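Participant: Sequence:
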Amino acid sequence: MASITGKTDLYLIPGDPVTNVRLPRMFNAVFERCGIDAVMVPVQVRARDFAVWLKASFLGHNVRGMLIAPPHKPLAVDLLDGCGLFARVAGSVNIVRRTKSGELEGDLFDGEGIVGALDWFGIPFRGQRVLILGAGVSAAAIGVSLAEGGGDDGARHIAFYDPAAGKAAGTAARIDAAFDAEVVAATSADPSGYDLVINATQVGLQGEETLPCDVARLAPHAAVFDILLRGQPTPLVRAARARGLQAQPGFEMLIQQMAHYFDYFDLPQAAALVREDAGFLRQIIYPAELQAEIAQAPRGRQG
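If you count the sequence shown from 1, position 260 lands on 260 in our numbering, and the numbers rise without skipping.
No lab work stands behind these hints: they were computed from the structure.
Owing to the predicted nature of the structure, the values given are computational and were not obtained by experimental measurement.
Just so you know, even glycine gets a beta-carbon here, dropped at the ideal spot from N, CA and C.
Incorrect hints may have been included.
Straight-line alpha carbon distances no greater than 27 Å define the calculated DSS-like cross-link-like pairs of lysine-lysine that follow [said to hold, decoys possible]:
| hint | residue 1 | residue 2 |
| --- | --- | --- |
| 1 | Lys7 | Lys55 |
| 2 | Lys7 | Lys100 |
| 3 | Lys55 | Lys100 |
Label pairs and their computed distance ranges (CB to CB) [as the list claims (entries may be wrong)]:
| hint | residue 1 | residue 2 | range |
| --- | --- | --- | --- |
| 4 | Pro287 | Ala164 | 29 to 37 Å |
| 5 | Ala29 | Asp180 | 34 to 42 Å |
| 6 | Gly102 | Asn20 | 50 to 58 Å |
| 7 | His221 | Asp49 | 42 to 50 Å |
| 8 | Thr8 | Gly102 | 28 to 36 Å |
| 9 | Asp49 | Ser101 | 23 to 31 Å |
| 10 | His221 | Asp180 | 20 to 28 Å |
| 11 | Arg230 | Ile294 | 13 to 21 Å |
| 12 | Thr19 | Glu293 | 24 to 32 Å |
| 13 | Glu276 | Pro71 | 16 to 24 Å |
| 14 | Lys7 | Pro71 | 29 to 37 Å |
Produce the complete structure using the sequences and hints provided.
Facilitator: Take a look at the structure:
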């Protein structure tokens with residue numbers, strides 16, 4: 001990394017905790033390759049301090065933007081002067097920038113990440129039936145993007161399942177009201193009858209062998225995408241692959257957001273680099289056990 005000077009632009013990633021964030025390494029690798037005098041730094045911020053911290057941090061004139069890590073994504077929405085449609089519907093923000101007029105605006109690119117990842121792996125979702133396990137911040141962001149195109153360019157039917165009473169129903173209702181796709185709350189985690197199952201829960205994060213759904217009930221043609229980054233391949237991914245099904249970990253969801261981030265921060269050189277070849281970023285975040293899969297991933301947009 002080049003030396004940091006008084007001219008270096010600063011990008012921050014607040015979270016609590018921030019010990020496992022991967023984006024600083026990824027951003028800084030791109031900055032270095034592009035010769036951009038900038039650095040991304042993780043900052044541990046407690047939820048009770050976040051509102052004051054966010055506003056105060058942008059008083060620094062070389063603070064160009066932020067990526068928002070958990071648990072602060074929902075908190076950021078009401079602190080901004082404006083945010084994009086996906087962020088408003090999902091109730092979550094994962095990126096913030098300061099406009100030329102000094103206002104703070106944000107958006108959400110988790111959904112673009114899942115769409116790009118599914119296309120990267122050749123997993124069909126357009127016109128399909130999708131079960132999303134979980135109904136929290138990440139699940140809502142995924143549902144918004146899969147629903148955007150209605151039944152033509154998006155999923156035909158999206159069901160959320162969450163064991164917390166009313167949580168799936170609330171998330172489904174918000175998205176169903178904003179888009180044309182059929183979005184409902186599922187009564188169970190039964191994956192039968194779905195073409196794609198997306199795990200947006202924490203099940204498997206700690207290495208436990210518990211599964212978020214019964215893999216034996218997945219249809220023979222079904223695919224699985226597990227958005228978790230730690231503990232991959234998770235028990236869900238391993239179990240689905242053992243049945244011969246397409247099952248992928250969540251790393252590509254992060255990779256596919258990178259160009260969107262750089263576009264949002266008005267860094268076209270960095271965005272172009274990542275779109276042309278993000279292999280070096282995969283080398284950074286894929287664990288040793290899955291490194292061999294990097295070169296095997298198929299490309300091509302699926303209809």
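Participant: Between the beta carbons of Thr8 and Gly102, is the distance compatible with 28 to 36 Å?
Facilitator: Violated - the Cβ-Cβ distance for Thr8 and Gly102, about 21 Å, lies outside 28 to 36 Å.
Participant: Between Lys7 and Pro71, does the C-beta distance stay in 29 to 37 Å?
Facilitator: This hint holds: roughly 33 Å between Cβ atoms.
Participant: The hint says 23 to 31 Å between Asp49 and Ser101; measuring C-beta to C-beta, is that right?
Facilitator: Once the Cβ atoms are compared, 27 Å apart, the range 23 to 31 Å for Ser101 and Asp49 holds.
Participant: Taking the Cβ atom of Thr19 and the Cβ atom of Glu293, is their distance within the range 24 to 32 Å?
Facilitator: This hint holds: roughly 25 Å between Cβ atoms.
Participant: Starting from the hint 29 to 37 Å, judge whether the C-beta atoms of Pro287 and Ala164 obey it.
Facilitator: holds (30 Å)
Participant: If you draw a straight line from the CA of Lys55 to the CA of Lys100, is it 27 Å or shorter?
Facilitator: Given that 27 Å is the threshold and the Cα spacing comes to 16 Å, the pair holds.
Participant: Indicate whether the distance between the beta carbons of His221 and Asp49 respects the range 42 to 50 Å.
Facilitator: holds (48 Å)
Participant: Taking 50 to 58 Å as the hint, is the beta-carbon distance of Gly102 and Asn20 inside that range?
Facilitator: violated (33 Å)
Participant: Range first: 20 to 28 Å. Now tell me if the beta carbons of His221 and Asp180 are that far apart.
Facilitator: Hint holds: Cβ distance 25 Å, inside 20 to 28 Å.
Participant: I want to verify a distance hint. Is the separation of the beta carbons of Ala29 and Asp180 within 34 to 42 Å?
Facilitator: holds (39 Å)
Participant: Holds or violated: 13 to 21 Å for the Cβ distance of Arg230 and Ile294?
Facilitator: holds (18 Å)
Participant: Against the 27 Å threshold, does the CA-CA distance of Lys7 and Lys55 hold or violate the hint?
Facilitator: holds (22 Å)
Hint compliance for this structure: hints 6, 8, 13 are not met, and every other hint is.
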